[in-house]
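Undergrad: So the sequence lines, in the order shown, correspond to chains A and B.
Numbering follows our numbering, in which position 6 of the first sequence is assigned residue number 6; successive positions increment by one, without gaps.
Numbering follows our numbering, in which position 54 of the second sequence is assigned residue number 1054; successive positions increment by one, without gaps.
Simulated from the structure, these hints should not be mistaken for laboratory data.
Glycine included, every Cβ here is placed at the ideal spot set by N, Cα and C.
Heads up, a few of these hints could be off.
[Unchecked claim] Okay, the calculated beta carbon distance ranges per label pair:
1) L151(A) <-> E1008(B): 35 to 41 Å
2) G1026(B) <-> A281(A): 34 to 40 Å
3) R1071(B) <-> H19(A): 30 to 36 Å
4) D1005(B) <-> T162(A): 47 to 53 Å
5) D22(A) <-> G1026(B): 25 to 31 Å
6) E225(A) <-> E1059(B): 36 to 42 Å
7) A1027(B) <-> Q189(A): 44 to 50 Å
[Said to hold, decoys possible] Residues on chain B that point at chain A, a partial pick, calculated with CB under 8 Å:
8) A1003
9) L1025
10) Y1030
11) S1037
12) G1039
13) R1044
14) A1061
15) T1068
16) R1071
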Amino acid sequence: MAHYAHPESLASTEWVAGHSQDPNVRVVEVDVDTHAYNEGHVPHAIAWAWNTQLSDTLRRDILSREQFEALMGASGITPETTLVIYGDNNNWFAAWAFWQAKIYGHRDVRLMNGGRKKWLAEGRELSTSMPEVKLTSYTAQEPDLSLRAFLPQVQEASSLHTAAMVDVRSPAEFTGEILAPPGLPETCQRGGHIPGARSIPWGKACNDDGTFKSVEELRALYSGEGVDGSRPVIAYCRIGERSSHTWFVLKYLLGYDKVTNYDGSWTEWGNLVGAPIERGAASAANG
Amino acid sequence: MKAEDYQERELELAGWPVKLASYRLGAEWYAHADNVSPGATLARRKGETREAAEQAALERAEELLRHTHRRAV
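Kindly produce the complete structure, drawing on both the sequences and the hints.
TA: Here it is as structure tokens:
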């Protein structure tokens, strides 16, 4: 069996159980459902709320460098800390946090493979106590924007086919049958997808227990849609968190070099005046 | 404290597939219902029994799912 391109970017539940008290390790839970942490969490883990602590809610943006530094400092993290992130929904927003940590140059970031679901299913210890945090002063790197796609790059990729675009939403969102995942608020005016995008739902990268599939399975999944690392890839979803999960898979598990997360995603493109869209199934792959 | 008697099952609510997970933490039962595709939690509830927690989570999930409309494409 082949190995992931960057196995050091994953931590097993077993490893976390043995290291959550390590002073050089900070375990952070980031959930879609921000109440999950309060039920019980990995002992000594802290929590970040994606919608308030990992987003600039005034600018509709990721954290600024200063905001990121403040969050890390308040979390007792230094640039040398091993940061292990996990969460619900197979690490959706944990991957979003991982992506931002990499944008700001944190060296050792890992996702706990299987996330909260695997921890619970394995019957591992849970705590409802908040750990004491010793504040630090954290200096981040300049943002690495090669990890992030903005609208002009996506427009160019769509019209000139300069990158493979991966729509990681559900098939019904991709076709335009629904405007948002079932049960969630409809946050755009139109249904469909960016012209030229391939539909590869994020969840196909995961096993039933929440862990990531093998390299062989992942390679087959993406190369079957023409995404083989031979050209740049842009991943998108609705608001950028599911696509950060796919970004992680392509960049850290398969080792593709030029992978960006378009966090503007469908809530930007789908609401944009004059932007072309496609509805229904994907057209033939562009190769 | 550990999650005990963890169970998952799939069912249909308001025409949508839903995954329901439930487990016991200490003296209380917890349940959460998510939409299978993509897997976002719709409702998280607790109760004195598994059935009570599951029922409460399903009621809230169904309420939310009723607002999702399918469009012709």
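Undergrad: Enumerate the violated hints, using their earlier numbering and listing them in ascending order.
TA: Violated: hints 2, 3.
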